[in-house]
Structure formats: structure tokens, C-alpha cells
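S.K.: Sequence:
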Amino acid sequence: VKVRYSYLPQQFSDCDDLWSELKDFVKTGDFTLGAPLKKFEDSFSKLMEVKYALGV
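Quick note, in our numbering, the sequence shown goes up one by one and the last residue is 165.
Hint data in this document are derived by calculation from the structure and do not stem from the laboratory.
Among the hints, erroneous ones may be present.
Said to hold, decoys possible - Pairs of lysine-lysine residues, derived as DSS-like cross-links and limited to a Cα-Cα distance of at most 25 angstroms, are as follows:
#	residue 1	residue 2
1	K147	K160
2	K136	K147
3	K148	K160
4	K136	K148
5	K136	K111
Remember, predicted model here, so these are calculated numbers, not experimental data.
Work out the full structure: start from the sequences and follow the hints.
M.R.: Listed below in C-alpha cells is the structure:
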């Protein structure tokens, strides 16, 4: 029996206009320590005018 690890691509399949970046992120499975998190941390630290931000 094959058990899927994740059904997220199917769950987000009808949200193309709102979730295009999230959909790409879900397809990669890059949930921790990946490029999307780094991009968020960099953007958030600039927004908050601080040197570092940590997404958990």
C-alpha cells in the first residue's frame, strides 16, 4: 500500500490567483530552512528595521 506523504498540492489546487507562490513552495516540500523561509526572514527583518529575523 502506497501512502502519500502530503496531500497539500490537491488541497491548494483551486487557489491559483491567491496562492501561486505558496503552491510552488508546497510542491517542493521546502518547509524548513529553505529558500522561502530565508526570503521571508530577510523581508521581515527589513520591515521591522532589525538586523535579523527568525521564522519558526
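S.K.: Are there hints from earlier that the structure breaks, and if so, what are their numbers?
M.R.: Violated hints: none; all satisfied.
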